[in-house]
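Participant: Single-letter residue listing:
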Amino acid sequence: MQVVANGVALGAVLFLMASGLALLLGSMGVLNLAHGAVYMVGAYTTWTLAISEGWPLIPAVLAAGAVCAVVGVVLERLFRFIPGKPNEQILLSFGLIYVFGNLAQVIWGPVAKTPFDVAWLSGAVHVGSVAIPANRIAIAAVGFAVALLLWVVQDRTRVGAMVRAGMDDAEMTRALGINLDRVVLAVFVLGSAVAGIAGGIGGLVLGASSSQPMDVLLLALIVVVVGGIGSVPGTLAASLVIGLLDAYSRYQFPAMSSVILYLLMAGVLVLRPTGLSGRTA
Amino acid sequence: MTTRRLLFAAVSVLAMAAGTACSANDTGSTKGGEVVIGLVAPTSGFAADYGPQAAQGLQLALAEAKNEAGGAKIKLVKVDEDVLDSSQTLERVKKLVESDGADIVVGPIFGSNQQAISAYLTQQGVPMFTMLGGDAALAGDKSAFIWPAADKLTAAPLGTYAAEDLGYKKIATLAPDYAYGHNAIDGAANAFKKAGGQVVQQQWVPLGTTDMLQYATGLDKSVDALVMWLVPTDAAAFVREYRNLGIKVPLLMFQGIFDPTFQAVGGQLDGVVGLNEYNHLLDFPANKAFTEAYDAKYHGIPNQTTAFAYTVGQNIVTALNDDDADTSVKALRKALDGKKLDTIIGPASYDSDGIAASNRTIVKATKMGTRFEWEPVKTYENVGH
Amino acid sequence: MMRTVIRRLPVIAVIAIGLWLPYALDSQQESLVTRALIFGLMAASLDIAYGQAGLYSLGHAALAGVGGYTAGLLMVRYDVQSFWILVGAALAASAVASLIFALISLRARVLYFILVTLALGQMVSNLAQQWDFLKTSQAEAVTGIVMPDLGFTMAWNPATTLQFVVVVVAVAMIVIQRIIGSPLGLAFRGTRENEVRMEALGYHVWRYRVAALAASGTMCGLAGALFAFHSGLISPTNVGVAASGVLVLMVIIGGSGTRYGAFVGGILVTFLQFYAADWSLERAPLIIGTLFIVTALLIRFRPRAAAGFKAVFDAVTRRKQAAHVAA
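Residue numbers (the numbering used here), protein chains in the order written: chain A, 1 to 281; chain B, 282 to 666; chain C, 667 to 993.
These aren't lab readings, by the way, just hints derived from the structure by calculation.
Since this is a predicted model, take the numbers as computed values, not measurements.
We put the CB at the ideal spot given by N, CA and C, even for glycine.
Certain hints may be false.
Said to hold, decoys possible - Ranges of calculated distance between the beta carbons of each label pair, as one might list FRET restraints: (1) B:482 to C:859: 35 to 41 Å; (2) C:799 to B:451: 31 to 37 Å; (3) B:471 to A:56: 46 to 52 Å; (4) C:799 to A:141: 41 to 47 Å; (5) C:820 to A:267: 45 to 51 Å; (6) C:859 to A:168: 19 to 25 Å; (7) B:660 to A:148: 57 to 63 Å; (8) C:816 to B:611: 32 to 38 Å; (9) C:797 to B:660: 53 to 59 Å; (10) A:56 to B:527: 56 to 62 Å; (11) B:574 to C:819: 53 to 59 Å.
As the list claims (entries may be wrong) - Taking lysine-lysine pairs in the BS3-like style, the calculated list, with each CA pair at most 27 Å apart, reads: (12) B:450 to B:645; (13) C:801 to B:433; (14) C:801 to B:621.
Throw the hints in and build the complete structure from the sequences for me.
Facilitator: See below:
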């Protein structure tokens, strides 16, 4: 049972990492691999505000989200500058990963920041023989809140409808007079803000480090592929599945756990080429 | 379009190459009274703090020797150790040896890189002085000199102390799942078993794991203590989970946790027992002199990387003084074999294979004034032979 | 006859330079050039799938790695020293791996394909990290690899290694150029440009894609084996997503889908990585990353001069291609 709790806890962290990416990748297929870098900015910003400057956690995380929203605008400008070809997008993304990672070292030093210590979130909740640390509950709570928010935006708002339309048929959407460029900007900003918040709250468990641009990207990609690009419920489901599988495999086959994860990803795609519930992009 | 990009990339590479060519070499292969020491340590990437710290220690030692030994002038060249791709490190070391004329290599820090360059350095006859441990197999008839001890023996006193002094009967272990992790912790575990104890559970954390929760929840709570080693960041993460879950099993930490991470989590470690290879509070005159010299020049407290780079620098100077600046592996082995070295962690020596033995110190985490410290409690001598 | 010589001139010139180079360079530079050539070949191999067939794979370092690990393990664990056996085994292994790779990854389309290749590549890397069979030393790698036995006496030093690699890479590049210039290559480009039309014309697009991945993966395996011989080791980092990413960057910088672009890109990026680290101990990734970003942004600027240059270049090559197809 503890394994299940661990798995769900891990799943919550994964979801936060991946949710922004699911949205970004889904919107007109912009191959923005710098998502992990935005997460890192969120993590470091929160560290600076909450741990170094002593802000309370919630405002610090929200501020991190705001900072990353701004970063999202900058990224969107850069990606717009290089009209949609995958080659340039990959080149740009990798360049950003290198630059962000190294800049983080310049600003915050090469030693990674330890998981954030917040007084009111220390200790654990004990349910029978299962122990769940308080900070995980907080992460899960934020994760579900974000999931709800994104789902509402995507499924229930006009903007969301426009995004979905753009995903399905960009030309037609523009022909209908919808300013898709503005929608893309909005998605970038939202996705980046979510990544920033993810980095901030995720810092309770993962801290902040200059290798997060690549590490977080990889994890987020697994989740997004399994869950389906552009689908929030899919990402949520995938995060939980992967979290549980990871926890279980570490428990049973510690040596091969990471291989199993990637095996799962390949397996899902063989069976369902667009992920658990993705749209045919 | 492609052409322009190609042009751009080509120009930048050429510019860099030109810049390097101009600045770098007055090929120090002039044997005429100069010894070139090449420091191989990471200066970029996630371990980028090691390089500058090692450089500080080494430079301090060389400065004290007035940059000369055995009648030759000493020159220091630095190379960035690639912590991810050992083949890059190898290419850089080739340049270090062939273009920059390095006679002695200090480092590398990471075992993977030590393995990668060892064959090449042995073939070139260049000694490799490690400063944070290493695989014993790289010494002997290969060209390494291992400091402070072979990996498999360096943590043994922790196991001995746990059994004999603390009276523990059953322990669990926790370490990263790669060579150094296995070697170090098994060293402690084997010593524990030899003293009559039982190792009940061993957890190995795959490289790249960031989430430590399951290793805390998965711990067999019936043991008397958990003997562990993790890199500072992971150790801090683990301790965080541990304390959050309210687990009471005592921790025995090989190496403790290094600064600055230790200062961040010191409050959670009060009373925890550790084993240090280096500790800045050690009572030896050499250490006092060293810490004062470091503070005077760099302001602050030296960490293990700096301290051991300093020590290795001193060892090299001593050896060169002894053999008149002969930098061949054979000569250096002979010069150091059994020679008593008064190092900052006490008396130490290398054996005829080039493997060092030195002191270890059992420590306890306490708060002293405004800082958290690992306070020395007991010393074990001659660990490593 | 004359035309053949002129057509072959660039290749002959390159080989000649390659064989002469050792006399002009010092041994460390020779090692670097050798490494650059190997990556040039790896990038060119990737380009068969990436540029020619439009399959954006982020997992090719793993395929190169299969070749490298095969050669390395056979040598270190089983004491196989013959170059021919080692390379043969490497090619066979990477061919099989590429087929499996293709069968799994081609189930996914476009964006998903990229991600699946990434996952498969990283899986191979994790396997190399965890499976004890794939580690021969205290490091998580296969070490102790040396230059193999050619069947006739050959003293291996940086100079002869470079000459040898020049020859092998030249032969491999000729093979790759043959593939690109052949009707098969034409078909690859067709599937890249317009899948629907190709199907309509009776081409089984899927089969051609498998072929492209198989060809590119196998040639990558050869490059991987050469890498193992030259570096003396092969480790999980060399086959993971970071390495695959750099391979893709090499192709992109050199120009995907062109005849020699990827090859040149591989050479350039290898030099870039080395000299950036030499130039700046701490800021190398920053320099490299900035170069990538600026290079990407430069796509917007298409000066007329470069266009003109390209037009001339194209005219020459197109004439070659037309002549070949007509014949």
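Participant: If a hint holds in the structure, say so; if it doesn't, say that too.
Facilitator: Do the hints match the structure? See the list:
1. The hinted range of 35 to 41 Å is not satisfied by residue 482 of chain B and residue 859 of chain C, whose Cβ atoms lie roughly 59 Å apart.
2. A beta carbon spacing of about 33 Å between residue 799 of chain C and residue 451 of chain B agrees with the range 31 to 37 Å that was offered as a hint.
3. A C-beta distance of roughly 48 Å is found between residue 471 of chain B and residue 56 of chain A, which places it inside the suggested range of 46 to 52 Å.
4. The beta-carbon spacing between residue 799 of chain C and residue 141 of chain A, approximately 44 Å, falls within the hinted interval of 41 to 47 Å.
5. Between residue 820 of chain C and residue 267 of chain A the C-beta distance comes to about 46 Å, which sits within the given range of 45 to 51 Å.
6. Between residue 859 of chain C and residue 168 of chain A the beta carbons are some 23 Å apart, a value that agrees with the proposed interval 19 to 25 Å.
7. Evaluation of the 57 to 63 Å hint for residue 660 of chain B and residue 148 of chain A yields a pass: the beta carbon distance comes to about 59 Å.
8. In this structure the supplied range 32 to 38 Å holds for residue 816 of chain C paired with residue 611 of chain B, their Cβ-Cβ distance being about 33 Å.
9. Between residue 797 of chain C and residue 660 of chain B the Cβ separation comes to about 41 Å, which falls outside the hinted range of 53 to 59 Å.
10. In this structure the hint that residue 56 of chain A and residue 527 of chain B lie 56 to 62 Å apart at CB is violated, the actual value being about 24 Å.
11. Range check, residue 574 of chain B to residue 819 of chain C: about 56 Å between beta-carbon atoms, so the 53 to 59 Å window is met.
12. A threshold of 27 Å between alpha carbons decides the hint, and for residue 450 of chain B with residue 645 of chain B the separation of about 20 Å falls inside it, so the pair holds.
13. For the given pair, residue 801 of chain C sits about 19 Å from residue 433 of chain B by alpha-carbon distance, which is consistent with the 27 Å threshold.
14. A C-alpha spacing of about 37 Å is found between residue 801 of chain C and residue 621 of chain B, which places the hinted pair above 27 Å, so the restraint is violated.
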